[in-house]
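Chains D and U are the protein sequences, given in the same order. The first sequence runs contiguously to residue 394 in my numbering. The second sequence runs contiguously to residue 394 in my numbering.
Please keep in mind that the hints were generated in silico from the structure rather than gathered at the bench. If you're wondering where the values come from, they're calculated on a predicted model, not measured in any experiment. Just so you know, not all the hints are guaranteed correct.
Copies of the same chain are indistinguishable here, so a pair counts whether it falls within one copy or spans any two.
Unchecked claim - Derived BS3-like pairs: lysine-lysine, alpha-carbon spacing no greater than 25 Å straight-line:
1. Lys314 <-> Lys233
2. Lys228 <-> Lys340
3. Lys229 <-> Lys314
4. Lys233 <-> Lys151
5. Lys377 <-> Lys81
6. Lys150 <-> Lys351
7. Lys340 <-> Lys212
8. Lys377 <-> Lys44
9. Lys228 <-> Lys44
10. Lys314 <-> Lys212
11. Lys229 <-> Lys340
12. Lys340 <-> Lys314
13. Lys340 <-> Lys377
14. Lys351 <-> Lys81
15. Lys351 <-> Lys377
16. Lys150 <-> Lys314
17. Lys81 <-> Lys44
18. Lys229 <-> Lys44
19. Lys340 <-> Lys351
20. Lys81 <-> Lys340
There are 2 protein chains.
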Amino acid sequence: MEVIGRHKYELDTPCLLIDTDKLEHNLRTMQESVQGAGKNLRPHAKTHKCSEIARRQIKRGAVGVCTAKLAEAEVLADRGIEQILITGPVALPLKAERLLSLLERCPSLMIVLDNSENARLLNSECEKKGLRADVLLDIDPGLHRTGVAVTEALETGSMLMELRNLNLMGIQAYAGQVQHVRSYSERCDKSLSCMNEVQEAFRALKKAGMKGRVFTGAGTGTFDIDTAVEDLTDLQVGSYVLMDAEYREIGSADDDNSFALFEPALTMLASAVSCNQNGFVTLDAGLKSMYKDGAAPIVLYPADRAYSYDWFGDEYGKISFDGEIGGLKPGSIFELMASHCDPTVNQFDYFHVVKNERVVDVWPIDMRGRSQ
Amino acid sequence: MEVIGRHKYELDTPCLLIDTDKLEHNLRTMQESVQGAGKNLRPHAKTHKCSEIARRQIKRGAVGVCTAKLAEAEVLADRGIEQILITGPVALPLKAERLLSLLERCPSLMIVLDNSENARLLNSECEKKGLRADVLLDIDPGLHRTGVAVTEALETGSMLMELRNLNLMGIQAYAGQVQHVRSYSERCDKSLSCMNEVQEAFRALKKAGMKGRVFTGAGTGTFDIDTAVEDLTDLQVGSYVLMDAEYREIGSADDDNSFALFEPALTMLASAVSCNQNGFVTLDAGLKSMYKDGAAPIVLYPADRAYSYDWFGDEYGKISFDGEIGGLKPGSIFELMASHCDPTVNQFDYFHVVKNERVVDVWPIDMRGRSQ
């Protein structure tokens with residue numbers, strides 16, 4: 023089916039749409055905001071998993087892009103994108119072969135370390151190949167998922183400085199636990215409290231001789247908060263570019279009940295498959311397309327009355343409404359904002375890119391499923 | 023990385039494994055059980071999304087295979103598999119072009135209908151192309167997801183009989199609401215009660231002149247229960263072939279606390295990425311690999327003590343344990359039984375097929391992401 027030029031509501035379902043005007047609005051707004059605060063942008067590609075969007079982020083001024091996994095970084099490198107930071111520790115020796123091969127063809131790659139034994143293994147693998155790897159010390163700002171404790175940062179960082187085939191470029195600290203705190207002022211307090219502790223550790227490392235000046239962290243929920251951390255150099259925001267119901271629900275600097283600075287660029291189209299019940303119809307999008315995590319998906323279209331979505335098994339959803347069924351029948355189209363954008367995107371192969379409601383392009387989600 | 027011949031615990035992670043002996047045990051056990059009860063097997067490919075497994079199901083004696091979606095059926099048809107039943111209603115006119123094209127090249131395709139207007143549209147599309155489509159009337163046994171009410175079955179079925187380009191082959195009724203009822207006796211009562219009501223409607227349709235004799239339904243949870251429904255011809259069981267934590271937890275005929283007749287053929291390998299905390303390590307498998315739905319995933323390896331898994335964001339999991347960290351370090355391997363097999367399988371591109379713990383084959387999950 024040739025899709026270019028079609029109206030979005032004539033597409034087969036379920037599928038993902040990106041509204042290009044909203045996407046560009048989000049790209050521009052974040053770039054200007056972060057740059058205006060004197061920081062750099064290093065957006066996270068784990069959200070969109072699409073090298074075309076990564077390319078646009080760099081074109082607008084990002085200093086690089088982040089991936090969560092080695093396999094995602096391999097895709098970006100294949101597409102000619104450099105300045106990649108893999109934000110999750112890469113375990114050696116398990117992944118040594120793939121990591122060293124990527125380092126060889128993409129020398130600007132940065133990775134994070136939070137374990138001395140892994141650091142020594144990487145150093146000796148690099149030595150064998152005559153490579154030097156750019157690394158960041160991953161510091162745990164309280165999420166307790168990865169990173170060394172703030173109190174261990176100086177010791178581990180000093181050890182890294184002694185490894186001759188590693189360049190310690192600085193530190194990373196991602197406070198995932200504060201990104202979705204609803205109250206903006208509470209989010210401010212929590213994020214600045216933990217990020218300022220990390221900053222102390224960063225300053226101690228510099229005093230101890232660390233040459234690297236990178237201090238990377240933050241997320242969409244703290245994009246205008248962590249800029250107050252003086253030494254922070256760049257922000258790893260991800261969801262802002264697509265947005266989802268989960269982020270729309272938190273408070274923002276302007277409004278403690280909504281986060282509307284970034285627009286819902288990502289939506290999902292689905293259609294009714296069965297309409298024999300009172301008060302609801304069955305949709306063709308269930309667990310395998312609308313990932314079940316986070317806030318309830320928001321029904322954006324039709325807008326004639328309030329509709330709500332709930333999951334109804336692997337392949338089905340339930341669209342509920344008050345009153346009569348009206349004109350709904352099998353094939354009726356619904357447009358929804360995803361509950362949680364990252365894992366939902368990861369269930370599709372393409373974005374249908376829409377401008378003024380018509381499809382203008384199709385972008386492969388080329389990092390989809392790259393979970394290794 | 024050449025994987026054939028490798029020990030399973032030397033594979034990169036996260037990845038999915040299928041133990042071929044357990045798979046064959048499940049295939050054989052189900053085929054024998056259903057055949058022994060005088061019924062046919064029409065297993066559901068939506069679970070495994072792998073044409074190689076569908077081929078094995080047919081080879082063992084299945085009369086056909088089910089898919090949930092048109093796009094899955096297209097893949098099976100491309101692989102030369104016939105006798106496909108699409109168990110979800112296909113909405114016209116939205117999907118008319120794809121459906122008619124598939125019907126043309128796969129005349130043994132069966133689809134279900136639960137809407138008169140859609141039936142008329144299909145009939146007229148078939149007429150234009152000189153085709154006759156084999157259809158089943160989808161009857162709702164109480165799940166209220168798809169299907170016409172039992173009380174409407176005679177009227178809608180009679181209408182279908184009058185449409186000259188449709189062959190009414192019989193009925194479908196899937197009681198999804200009873201499959202995971204924990205108590206076996208309660209599951210028996212509930213399933214037989216609703217399936218016997220459907221049987222009455224089936225008999226009324228035959229009395230009214232329906233030639234078709236297909237009465238298809240049931241799932242893994244009622245595979246040895248619905249065989250008592252006299253007119254039921256075939257069982258659409260899906261999960262039995264792979265199994266998951268959700269199904270292992272329900273009761274069975276032999277034991278009201280476990281369902282162990284089918285073996286956990288599907289497992290996921292993951293590895294530790296960060297080990298700096300007390301009482302848990304961070305794993306490289308989160309929402310995007312272990313789908314968050316159903317029962318808690320079960321940690322099968324290592325077996326030296328009890329470990330439990332919990333989700334820890336999009337890309338991470340948390341493995342908790344009592345006591346010291348012991349030998350765990352970045353790269354330590356864990357093998358887990360999936361929470362809910364269907365949506366977890368849908369997040370991967372390959373099964374690594376293992377025999378005696380070594381990889382003997384790699385099967386593409388070629389229906390992965392085919393949600394349309």
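* Can you tell me if Lys377 and Lys81 fall within 25 Å by alpha carbon in one copy, between copies, both or neither? -> within (20 Å within a copy, 49 Å between copies)
* Asked: Is the C-alpha distance from Lys340 to Lys314 at most 25 Å within one copy, between copies, in both cases, or in neither?
  -> Cα proximity of Lys340 and Lys314: in one copy and across copies (13 Å, 19 Å).
* **Alpha-carbon proximity between Lys229 and Lys340, which holds within one copy, between copies, both or neither at 25 Å** => Classified as neither; 58 Å inside a copy, 35 Å across copies.
* To do: Could you place Lys150 and Lys351 in one of the four classes (within, between, both, neither) given a Cα distance threshold of 25 Å?
  => Between. Shortest inter-copy distance 23 Å satisfies the 25 Å Cα cut-off; intra-copy 65 Å does not.
* **Within, between, both or neither, where Lys233 and Lys151 count as close if Cα-Cα is 25 Å or less** => within (24 Å within a copy, 73 Å between copies)
* **Within, between, both or neither, where Lys228 and Lys44 count as close if Cα-Cα is 25 Å or less** => neither (41 Å within a copy, 56 Å between copies)
* Identical-chain pair category, Lys314 with Lys212, by Cα at 25 Å -> neither (27 Å within a copy, 28 Å between copies)
* To do: Classify it for me, Lys340 with Lys212: is the Cα-Cα distance of at most 25 Å met within a copy, between copies, both or neither?
  => between (37 Å within a copy, 23 Å between copies)
* Is the C-alpha distance from Lys351 to Lys377 at most 25 Å within one copy, between copies, in both cases, or in neither? -> neither (27 Å within a copy, 49 Å between copies)
* Given a CA cutoff of 25 Å, do Lys81 and Lys340 count as a within-copy pair, a between-copy pair, both, or neither? -> Neither way: Lys81 and Lys340 sit 41 Å apart in one copy and 37 Å across, limit 25 Å.
* Between the shortest in-copy and the shortest cross-copy C-alpha distance, which are at most 25 Å for Lys340 and Lys377: within, between, both, or neither? -> neither (28 Å within a copy, 41 Å between copies)
* Asked: Checking Lys81 and Lys44: alpha-carbon separation at most 25 Å within a copy, between copies, both or neither?
  -> within (17 Å within a copy, 51 Å between copies)
Checked against the numbered hints above, the structure breaks hints 1, 2, 3, 9, 10, 11, 13, 14, 15, 16, 18 and 20 and satisfies the rest.
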